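Colleague: These two chains come separately, so use the hints to put the complex back together.
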Amino acid sequence: MIRSLFGPDTKVAMLRGGLEETSATHRGIAARVAAATTTSAAGDFPAELAAKTGKPGRMSDVDLQQEMAALADTQLRYDACAKLLQGAYAGIRTAFRSNA
Amino acid sequence: MPNIGPGYPIWPRPIRQLLRPLATSAVGMSMQQAFIETISANIANAETTRTPEGGAYRRRVTTISGTAGKGAVTSRVAEDQTPGRMVYDPGHPDADQNGYVKMPNVDIATEMVDLMIARRMHEANASVFQGAKEMLKRALDI
Numbered sequence: 001m002i003r004s005l006f007g008p009d010t011k012v013a014m015l016r017g018g019l020e021e022t023s024a025t026h027r028g029i030a031a032r033v034a035a036a037t038t039t040s041a042a043g044d045f046p047a048e049l050a051a052k053t054g055k056p057g058r059m060s061d062v063d064l065q066q067e068m069a070a071l072a073d074t075q076l077r078y079d080a081c082a083k084l085l086q087g088a089y090a091g092i093r094t095a096f097r098s099n100a
Numbered sequence: 001m002p003n004i005g006p007g008y009p010i011w012p013r014p015i016r017q018l019l020r021p022l023a024t025s026a027v028g029m030s031m032q033q034a035f036i037e038t039i040s041a042n043i044a045n046a047e048t049t050r051t052p053e054g055g056a057y058r059r060r061v062t063t064i065s066g067t068a069g070k071g072a073v074t075s076r077v078a079e080d081q082t083p084g085r086m087v088y089d090p091g092h093p094d095a096d097q098n099g100y101v102k103m104p105n106v107d108i109a110t111e112m113v114d115l116m117i118a119r120r121m122h123e124a125n126a127s128v129f130q131g132a133k134e135m136l137k138r139a140l141d142i
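So the protein sequences, as listed, match chains A and B. Position 49 of the first sequence, counted from 1, bears residue number 49 in the numbering used here, the numbering being contiguous throughout. Position 136 of the second sequence, counted from 1, bears residue number 136 in the numbering used here, the numbering being contiguous throughout.
Bound-form chain B, shown alone (with noise of 0.2 Å):
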């Protein structure tokens, strides 16, 4: 289970307080970039028919435990159990003795809407902290 989010480095509390939405929304944009690379994965297989593991491809989904800003925040990542869709293709190496391939349970549309979340929230974040970092910086012109 891969640590997204540090917490928050040791330091002396006002400067812990001050930095505290940097970094909260560096976890954020940590926990996005995670989503990111699960839905690239989702893309780049939505043709694969053969797995190592055996079998087509299976969507992935990355949850997150933990909350940002309070604490550690953990990801996870879980195979969708929906069964792919067949497809008719007796010519594909992976077809059954019926002619049927098993494809990906990935759709396109869905995993570019979650593509276009993912970025958003990305910029949300990313909006937050450029602006804890301006207001640090008027902070330090007092």
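Chain A with its partners taken away, still in its complex shape (with noise of 0.2 Å):
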């Protein structure tokens, strides 16, 4: 019975991995925004720098725009999943508190 409420192949399971799908995304996008700049300079002085000693310049290949897009989207993804999951617990409650 209970297993039929919460197990694997159930709504509110799907959901949870939505939740940390979308989480572990944004940890991602966390990481490659903050990792995007490594040195304050935009000038020659990195570019010679890193010719020098073999080390990347200044700026990443992280595309801002589209880290900021994929933010977005899993924001709004996160969003449903935990508007979704409410709705289940809610659904869930109810029957509970019907056959009390």
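Bear in mind the hints are in silico, worked out from the structure with no lab data behind them. Errors might be hidden in some of the hints.
Restricting the straight-line Cα-Cα distance to at most 25 Å, the calculated cross-link-like pairs of lysine-lysine (PhoX-like) are [what the hints assert, rightly or not]:
1. Lys11/A x Lys70/B
2. Lys11/A x Lys83/A
3. Lys133/B x Lys70/B
4. Lys137/B x Lys83/A
5. Lys83/A x Lys133/B
Bear in mind the structure is a predicted one, so any value in this text is a computation, not a measurement.
Modeller: Laid out in structure tokens, this is it:
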């Protein structure tokens, strides 16, 4: 009985999975945006430094617009999952109450 | 070498995972703050021809070691070794015997561009932080 309400094939479990997945995506976005710049300079100096030291220059390959779009998308997905999960839990709660 | 990001506090795993985007974005904002500090020092000293170390001020560049979101992040300030321009000003107290003054190797336009980039990156990190905060709030409403 409980398994049919909270088991792995239920709506609740799938929505929880969705929340975890969107959280992981958000963690990835946060890490990429935070690591997008590695030095304070945009002039020729970082390029020269990179050429001499063999280390990457000032900007990484992060596409900030793409990351921001992904952020908006992730937030919407997370909100949708959270709202649906809230509804699913509310339904279960109502069922418990009406059968009590 | 100042430590910018502490890595992450030792919280239980679920809490750590929930708060990780917040911590990562906070490290990102601290990094941009360090960049802005360096840029402001460069702009403030764009006309400094005499320093305690001797000679004109040299442009400073902050570089970051480590990756935000993956452990500790440290910053290092290096001096840009490109030579500064020579300005003919025989009346200047720091002029050489030929009347030339060695100016700092700071280009205000470059610094302003760097400042704009740092500001925008700070905003991007703040947006991600705000998003994480709202997601957490939404999760607490379930």
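Colleague: Now tell me, hint by hint, if it's right for this structure.
Modeller: Evaluation of the provided hints:
1. Lys11/A x Lys70/B: 33 Å, violated
2. Lys11/A x Lys83/A: 13 Å, holds
3. Lys133/B x Lys70/B: This hinted pair holds, its Cα atoms lying about 20 Å apart.
4. Lys137/B x Lys83/A: 12 Å, holds
5. Lys83/A x Lys133/B: 16 Å, holds
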